[in-house]
Structure formats: structure tokens, C-alpha cells
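Top line first, the protein sequences correspond to chains E and Y. Numbered by our numbering, the letters in the first sequence go through residues 28 to 475 in order. Numbered by our numbering, the letters in the second sequence go through residues 3 to 289 in order.
If you are wondering where the hints come from, they were derived from the structure by calculation, not from laboratory data. One or more of the hints may lead you astray.
[Unchecked claim] DEER-style ranges, computed between Cβ atoms:
| no. | chain 1 | residue 1 | chain 2 | residue 2 | range |
| --- | --- | --- | --- | --- | --- |
| 1 | E | E151 | Y | G237 | 54 to 62 Å |
| 2 | E | A67 | Y | G237 | 51 to 59 Å |
| 3 | E | L462 | Y | N272 | 50 to 58 Å |
| 4 | Y | K258 | E | P394 | 18 to 26 Å |
| 5 | E | G78 | Y | V233 | 36 to 44 Å |
[To be verified] Non-contacting residues of chain E with respect to chain Y, defined by C-beta distances greater than 12 Å in every case (computed):
| no. | residue |
| --- | --- |
| 6 | T76 |
| 7 | L82 |
| 8 | K111 |
| 9 | Y118 |
| 10 | I124 |
| 11 | E126 |
| 12 | T128 |
| 13 | D139 |
| 14 | V174 |
| 15 | G352 |
| 16 | L388 |
| 17 | L413 |
| 18 | M415 |
| 19 | P449 |
| 20 | R455 |
| 21 | Q460 |
[Unchecked claim] Sample of chain E residues at the chain Y side, in silico, Cβ under 10 Å:
| no. | residue |
| --- | --- |
| 22 | N234 |
| 23 | D238 |
| 24 | R468 |
Glycine residues also receive a C-beta, built at the ideal position from the N, C-alpha and C atoms.
Spelled out from the first residue to the last, the chains are:
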Amino acid sequence: MIKTFPYGGTHPPDNKLTADGKIVYPPLPSSVSIPLLQHAGIPAISVVTKGDKVLTGQLIAKAGGFISANIHSSVSGVVTKIDKVTDSSGYKQESIIIEVTGDEWKDTIDRDPAIRREIILSGEEILNRCLESGIVGLGGAAFPTHVKLKVPAGKKCDLLIINGVECEPYLTSDHRMMLEKGEEIITGILIMMKALNVSRAMIGIENNKPDTIEHLGKLCKEISEITVHPLKVKYPQGGEKQLIKALINREVPSGGLPIDVGVVVQNAGTAFAVYEAVQKNKPLIERVVTITGKSLASPSNYMVRIGTLVSDLIKAAGGLPENTGKIINGGPMMGKAVTTADVPVVKATSGIVILKKEESLRRPVGPCIRCGKCNTVCALKLEPYLLMALTRKDLTERAETERITDCCECGSCSYICPAARPLLDYIRLGKSQVLQMKRERTLEKNKA
Amino acid sequence: MSSTVLMTIISLTLLGLLSSVILYFIAQKFQVFEDPRIDEIQAILPAANCGGCGFAGCRNFAEALVKADTMDGLNCPVGGSGTMTAAARILGKEPVPADPMVAVLLCNGTPGNRPRTSKYDGASDCRITHNLYAGETDCAFGCVSHGDCVKVCSFDAMYMDNRTGLPVIIDEKCVACGLCVKACPRKIIELRKKAKKDRKLYVACANKDKGGPARRACKVACIACNKCLNVCEFGAIKIENNLAYIDALKCTFCRKCVSVCPTESILELNFPPPKAKAEVREATVNA
Numbered sequence: 028m029i030k031t032f033p034y035g036g037t038h039p040p041d042n043k044l045t046a047d048g049k050i051v052y053p054p055l056p057s058s059v060s061i062p063l064l065q066h067a068g069i070p071a072i073s074v075v076t077k078g079d080k081v082l083t084g085q086l087i088a089k090a091g092g093f094i095s096a097n098i099h100s101s102v103s104g105v106v107t108k109i110d111k112v113t114d115s116s117g118y119k120q121e122s123i124i125i126e127v128t129g130d131e132w133k134d135t136i137d138r139d140p141a142i143r144r145e146i147i148l149s150g151e152e153i154l155n156r157c158l159e160s161g162i163v164g165l166g167g168a169a170f171p172t173h174v175k176l177k178v179p180a181g182k183k184c185d186l187l188i189i190n191g192v193e194c195e196p197y198l199t200s201d202h203r204m205m206l207e208k209g210e211e212i213i214t215g216i217l218i219m220m221k222a223l224n225v226s227r228a229m230i231g232i233e234n235n236k237p238d239t240i241e242h243l244g245k246l247c248k249e250i251s252e253i254t255v256h257p258l259k260v261k262y263p264q265g266g267e268k269q270l271i272k273a274l275i276n277r278e279v280p281s282g283g284l285p286i287d288v289g290v291v292v293q294n295a296g297t298a299f300a301v302y303e304a305v306q307k308n309k310p311l312i313e314r315v316v317t318i319t320g321k322s323l324a325s326p327s328n329y330m331v332r333i334g335t336l337v338s339d340l341i342k343a344a345g346g347l348p349e350n351t352g353k354i355i356n357g358g359p360m361m362g363k364a365v366t367t368a369d370v371p372v373v374k375a376t377s378g379i380v381i382l383k384k385e386e387s388l389r390r391p392v393g394p395c396i397r398c399g400k401c402n403t404v405c406a407l408k409l410e411p412y413l414l415m416a417l418t419r420k421d422l423t424e425r426a427e428t429e430r431i432t433d434c435c436e437c438g439s440c441s442y443i444c445p446a447a448r449p450l451l452d453y454i455r456l457g458k459s460q461v462l463q464m465k466r467e468r469t470l471e472k473n474k475a
Numbered sequence: 003m004s005s006t007v008l009m010t011i012i013s014l015t016l017l018g019l020l021s022s023v024i025l026y027f028i029a030q031k032f033q034v035f036e037d038p039r040i041d042e043i044q045a046i047l048p049a050a051n052c053g054g055c056g057f058a059g060c061r062n063f064a065e066a067l068v069k070a071d072t073m074d075g076l077n078c079p080v081g082g083s084g085t086m087t088a089a090a091r092i093l094g095k096e097p098v099p100a101d102p103m104v105a106v107l108l109c110n111g112t113p114g115n116r117p118r119t120s121k122y123d124g125a126s127d128c129r130i131t132h133n134l135y136a137g138e139t140d141c142a143f144g145c146v147s148h149g150d151c152v153k154v155c156s157f158d159a160m161y162m163d164n165r166t167g168l169p170v171i172i173d174e175k176c177v178a179c180g181l182c183v184k185a186c187p188r189k190i191i192e193l194r195k196k197a198k199k200d201r202k203l204y205v206a207c208a209n210k211d212k213g214g215p216a217r218r219a220c221k222v223a224c225i226a227c228n229k230c231l232n233v234c235e236f237g238a239i240k241i242e243n244n245l246a247y248i249d250a251l252k253c254t255f256c257r258k259c260v261s262v263c264p265t266e267s268i269l270e271l272n273f274p275p276p277k278a279k280a281e282v283r284e285a286t287v288n289a
């Protein structure tokens, strides 16, 4: 029987319009703006000043702490200014703006397309290389990879899971990567296994991508440590906890991390980035972004330099259609609409979805009739209607005991609600309040 | 038959007497003394339970008053000086006068001043919008216009002006309890000292961006040009985080800063119009 996670889940329409579209390299933009905060954690600190000439792959911002990541120039050119620019967060963020003059790469980067299979570096060196190259998780949360690949003291890791699920509708960037860069990804997985010192890796792929399952299965035939597992299509299978449950039936405890059950989950795109960093010494300066939408003239998968403006990509994909209602950064379920198309692509941008006016409007909100649909779809066994009510009434402590911080913000509850209640909006708010309360609590404890 | 009734009456009476004696001694032993002045003070407090004094409710505030050595720092903003003097009389303490305060909104981002750059169709809640993005305009510091402050006001002292999209504070009703200050996720409501005839003079802007971006986002944004700082003779103005602030305790309402402000971000409210003033002066001269 094909595996999946046992509770909850929804089936939003797939809409994978670009599943057959090869990865295209768009022309270089005329300028890029690279935000200093593209990852989870502390912003990076700029090491360039206005007027500096930079090469492609050159370090322009250093990690600001342990949970932070280096940032490299994705083009060669001149730093025109360091200013606050609106990015996909909706707020202005400190960014480095570089005017592109050409594409001159740093000479330490190996640009030979031939695949290098043998792994020379030791585990420690691999971690250092990930840190230097600014590798972060490319699935969406952008958690620094060097932190994730370092098993904390007292914890044990026996399995690496590669997330090739891509359960978000519309997005196909991981799908195309696995299909076109399969061998590199397999090498990347072996590198990560060496860093983690584990002897087993599993790749989870939903069975709406049979070509990928077949392709990677063929590549892994020789390698007994890596196995490919088809999964039944169900949203949100790409969430770490759901994927672990589906593949090996282990349950991550409330408030815990996958490492608590001996697992590390990495995205397939991250495996490719790790391969390039370790084998080719290439920092994370480009990623695959799906530009899609039913009204778009030519939706495609692009290999995009970090910092390219979304408006440039839309232009490359046939221009912004006239009746556009929303431009969504990310997928339609978890993504966030942007206020302007002039936001830069960052390390965590996996796709840009353009919705027509009639698709993008929210339905009118009705009263909750306690039908319980939100409870049945929640993959984490939470009660979304209750969490929303608690947040509205500012009952933050009660919300904490109801495990509000376990919510992975997949949006299934808001999607399924027949009264179109803004469940996830309130749960996100409640989550931030609970986290704030926890921070204050630790501050008080430290004082006392 | 009659003896049964008699026995019942006697035994129950005895039992009752015995219990009352036991209860009397227990009540003596475990008596909790409560100052009768707490009840007295609670009776004169407004019973709004708004939390403006910093305590959970009026009863807690009354307890704190009775316990405290001086009345310094204890003030019921709703009752004002009248209530506090009455409470001081009950307690036999010296009343400490506190300045009456009023809430003001540090934003003047009307649709005319602040062009809309996006449309928000999510839940109507200021905190959600604030967590989500800068708001419907480019100003990431100004009012997001969902009226969380109006929803929490228990004195009907606020309403949402649909024309400007900003909350309006009714000076006569505002008791400066501070509920709206706490509710605002952008922290743009301030409690200021109430002046004569409800006059107000303050910088109605909270934008901490530099001059250029602030001005592009809103016509009446403070651009921290320092003009008001230089013109003020009383040292009432300071500039921090690209934002001017007028200290209500030092300001003498000379209004020189208003005339030099290039973006009109300093608001003067409830002042008589200058023309009328000239007429009044003429009238007195003629008389």
C-alpha cells in the first residue's frame, strides 16, 4: 500500500501547470537587490560599502550569529546603495543593491558542468563549507543548513529524509530539479549523510510525479543506502512532521524537532545546493523558481539569481496579465501576497503564483457553525476554531496549552472552512503572542 | 407519638446550640480582618474596572490605596482629582494631585495624505495586519485603520471616522485609562497631559524612516528636518529615530513650531482661529 500520514489533510486542486517545463535560464537582470535577512534567525551583516565592485559568488554579508547565513553576490557589478527595500515580508528590509555590469565569476568556483561524485571533504569540513556558502533550507522556512546538519549533543540521528513531496499546488521547482539534476541531488544526499554520519536516507515523493519517482529510483538502484518512496497525494505531506509520520511512522513530540525522533529532513533543492557548495565550491546564489498562473502567457521554471526582482521574471514569462488580482510569493496555500511586483527573489522563494481577480478574492465570512471540518483536516490534531476563538479573546495561556505553537500554518483549516473564517490569520497571530509570552517568561527567569 | 416530637425538638435544639457555640469559637479563631475602608473607597470609585490605574479592578485599587503609605503614584484616571480627594479624606492621607491626561493619535494618514498602495481583504484586526505587512499604504508605522482601539474603549470615547480611516478621540469622554494604548499594535496612541480648553499640540506622526521614504509614503510625515527643534525656545522638542517629539510638560503652546514645519506634521487642535483673535483684540482696544 502506498504510504501517507494518517490524520487530516486536504486535496486542493493540483494545478501543476509547469510540470513539463524544463528549467530555463532567464537573461541577467539589470540590477539585483539582496536583502540581508533571507533566512530564519539573525540578519547577516554587510561587508561591502557603496561603490564596491563585486564578483559573482563573492561574499557580501557575513552571518550575524550561529543561526544566520552568509550571503553572496549573485551577479558581478557595482554596489550602488545599501538601503531599506520592501521585500516579500511586506516590510522594508536592509538590502544591498547591485548594478549588474557583467557575469564575471569568482575564480575559486568550479563551473564545469561535469558531475563530481567522490566526496573528499570530511564531515566537519562539509559543515564548514555549508556555513561559508550560505546554504539554507530551500523548502520555504530557510533554516540554515549547517545548523540542521549538526546533531546536537545528546541526540542521535539514524535517518536522513529528503523531502521531494512538493505538496503545494502550482509549484514544480523541486519536481523539475529532481528530474533534471537527479545525479547531483543523489551526490548531495550522500554528502549530507556523511556530515550527519548516518547510513540510511529516504526520498519521499508524492505519486503525482511518476517520472521523478522512476528517474530517481533508477539512479538509486546501485546505491543501497538511499531508497525512493512514493507517497499518496495529500496536502500537507511536505511538512516535516507529516512526512516523518508517513514514511517511518514516528511521531515528533509536541514542541519538539525531527531530531528528537532521530531524523533530519532536508529539501531536495537543498541537496542540490549542498552538492554545488561542497563539490563545486559554489555558494547559494541561484535557485529554481516556478512562475505560474492560469492567466500567465508562458508559465515556466526559471533558474533565478537571488535578488532578481519578481517583476523581471514576470516580464520573462510573458508580462503581467491584465486582470491580475494577487501576486503570491510561494504557493497558494502557504504563500503570501506581495504589495508590489518589485520584490526580490530570496533564498526561500520557491514560486510566484499569479492569480486572476476572480480566483484571488476571499469569500464573505460567515459565523462558525461548529461543523468541525477544520478539526478533521488538521494534520496536527489541533482545533483551529478553538485556537481562533482563544486568540480573539486574548486567552494566550489557554492557547499555549492547546498547542497553538505546533501549528505548521499549512492553511488547510482556512481552505476547508465552509464559512470562510480567517482561521489561519488568527492562529498565526495567536502563535506570535504565545511566542512573545514565552520570550518574556525566559527573560524574567534570567533576571530572577 | 407526642414524646417522639418532644424528643426531636429537644435534640435538635441542643444540636443547634452546640453547633452555634462551636461556630462562634471557630469564627473568632479564623477571623480575617478586612479594613472597612476598602468597602468605603470602593463605593466612591467609578466601578468601571477598566484597569487604567494599573490594577485588575476597582476593588484591587481600593485595597492598594488602603495598604499604601502615601498616595504617591496611585491615581484613578476615570474619577480624577475629585475621587482621589474623597478617597484621601476617608484614609486621612494627603492627596497627591495627578495631571489629567488624554489620548492622542500620533498619525494623520488620511487617504489624501497617504496614498493607498495595496488592498487588504483579510480579517479586520489591526494586529493581524500589523503582523502580516506594512499595511495598505507604504507607511509601516502609521494607523492600519481596523479600529482595535475603538473596540476596546469601554467609555465610548472613540469612533472610527470612515472618511479619514482614522480613529477619533472624544476629549470629553476620554478618561485616559490606556486600554487603547495597549491595544494598538503599532503603539501610535499616546497619553498626553490635558491642557486648558483641551488644547493639543503634538507631532502627529510615528514614521521612523528617513525623510525621503517617509515623505513618499505620507505627505504629512515628520521628516526630522530639525526646524522645530531650532525654533523652540523652551527645549520642549527632541528628535529621536528620525521623529520629533514635543514634551507636553515643557510646551507653552507658543505654536512657533507649527508655522515652521514644512510637512504640516505638527497638529494644533482646539486653538481659536488666528483671525478671530485679532478681532477680539481690536474690540478690546475700541472699548
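Worksheet item: Hint numbers the structure violates, sorted upward?
Response: 2, 3, 4, 8, 9, 15, 16, 18, 19, 20, 21, 22, 23 and 24
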